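Given these sequences and hints, build the entire structure.
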Amino acid sequence: MSVNLDSIVQVIATRFKIDASRIVPEASFDELGLDSLSQIELALSLKKDLGISISDDELAQISTVSDIFKMVNKAC
Amino acid sequence: MKAIITGLGGWLPPEVITNEFMSSVLDTTPEWIETRTGIRERRKVADGVSTRDLAVKAGRQALKSAGDCKVDLVIVASTCPDRLCPSVAPEVASLLGLGGVAAYDINSACSGFVYGLATATGFIASGVVESVLLIGADAMTLFMNPADRVTRPLVGDGAGAVVLRKGNEGEPGAIGPIHLGSDGSHADLLVIPSGGTRQRSATGLGHDAEAKEDWYVHMDGRGTFVQAVLRMTHSVQTVLDRANWGCADVDWFIGHQANIRILNGVATELGLPQCKVASNIHRTGNTLAASIPLLLTDMAASGKLKAGHRVLVGAFGAGLSWGSTVLVWPDIPVEAMA
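Read top to bottom, the protein sequences are chains G and D.
Counted from 1, the first sequence has number 70 at position 70 by the numbering used here; the numbering is strictly sequential.
Counted from 1, the second sequence has number 332 at position 256 by the numbering used here; the numbering is strictly sequential.
It is possible that some hints are incorrect.
Calculated Cβ distances over 10 Å to all of chain G for the following chain D residues [what the hints assert, rightly or not]: (1) P90; (2) R116; (3) L218; (4) A250; (5) E286; (6) D290; (7) H294; (8) F301; (9) I408.
Residues from chain D that face chain G, not an exhaustive set, calculated with beta carbons under 7 Å [unchecked claim]: (10) K78; (11) V302; (12) V305; (13) K382.
The set of hints was computed from the structure by calculation and includes no laboratory data.
Remember, predicted model here, so these are calculated numbers, not experimental data.
Backbone N, C-alpha and C fix where the C-beta goes; we use that ideal spot for every residue, glycine too.
This is the structure we're talking about:
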């Protein structure tokens, strides 16, 4: 199973109320106005919406939308 | 037989500690604290004031709200006891002029008030007592590491209390289904290491062997956040199911005020609109066992919480421990807090 980028963008857009057009692969958490707690909130949403679990260690490596995409598909 | 809330009151010590002050003594900023927690200020006890004094003030307010009735039992839920021994509740009962009524403490950290509701409900349902004064009181600022930029801004001091009496199912104020839980495998996420038998035994009663920091709160913030959202979500969903309520039936979610983003996370998981998440954390910080009755007091006194509103109550704390219940808010007089 793999998850496409659009699905991840939708999860981020819904959880953090961000316009989906801003959520491009190279966008960093900082650029999207997200902080360290947002990483945890995103992990909870990925679990709830897509059924994908991300470990704490993996979470700590995430800094861009592209990182999330790679991490999610590694976890699938 | 049901336990019915007939009185409510709270008390906050007058000294306000702002985020600006925290930023002047710690490596942080007011914005950093507020965006990550929702807290703008918190209260702090004056020198010489302890948990007992907070509990007496809140207890007096709750008894007044209930018409200055007599009670048969006083329970103080606290994580910050005046002393390791004895319980503070007997002293609180005496200072409230309640004479020789039954009185004791419980400690379930930030879940203490909901555990107290369950305890009071059990006492009343079993016929052992007919009325209970339940107080959540904590002076946690006295346990914070003054050099810890992460934990020190989180907490504030205060106390809140309710009076419960025996009554019937369906009465406004009746405590509905209750769900409680714990997970000791995560006990180290949020802990004060010193003061108990474990460290005394480990150090051969040698207090010199203890680190000064062991007398302060230690917290794994990331782990605590995740557990708080998941455990509280499960617990409140359980009582909603038992009460046969859906999210649409809830007027207010009265959750333990540890971090507004935890509460918003629970609401997201539940599918509960954020506008139903009640909060006063911006002015109180995390007041542990006091937070739920303090929030109820603010909400009722301001008129936002009205008689007939359906209330979902949820708590989570160190232990780990958690608990939830539901009730329909009764028509009782509640005084605003300064």
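Hey, does D:R116 actually stay past 10 Å from chain G on C-beta?
holds, 17 Å
Against chain G, run the beta carbon of D:V305 and see if the smallest gap drops under 7 Å.
holds, 6 Å
Assertion that D:I408 lies farther than 10 Å from chain G (Cβ)
At roughly 37 Å from the nearest Cβ of chain G, D:I408 sits farther out than 10 Å, so the non-interface label holds.
For the hint on D:K382, just tell me whether its beta-carbon gets within less than 7 Å of chain G.
Cβ of D:K382 sits 29 Å from chain G, so the hint is violated.
Restraint: D:V302 near chain G, CB-CB cut 7 Å. Satisfied or not?
holds, 6 Å
Exclusion check [D:H294 not at the chain G interface, CB over 10 Å]:
holds, 18 Å
Checking the smallest CB distance to chain G, is D:D290 really beyond 10 Å?
holds, 25 Å
Beyond 10 Å on every Cβ pair: is that true for D:L218 relative to chain G?
holds, 27 Å
Given as non-interface: D:A250, which should sit over 10 Å from chain G by C-beta
It holds; D:A250 is separated from chain G by about 33 Å at its closest Cβ, greater than 10 Å.
Are D:K78 and chain G close enough, Cβ to Cβ, to be under 7 Å, as the hint says?
violated, 35 Å
Interface-negative label, D:F301 against chain G, beta-carbon threshold 10 Å:
violated, 5 Å
Please confirm whether D:P90 is truly not at the interface, meaning its C-beta sits more than 10 Å away from all C-beta atoms of chain G.
With a cut-off of 10 Å, D:P90 remains clear of chain G, as the shortest Cβ separation is near 31 Å.
Hint compliance for this structure: hints 8, 10, 13 are not met, and every other hint is.
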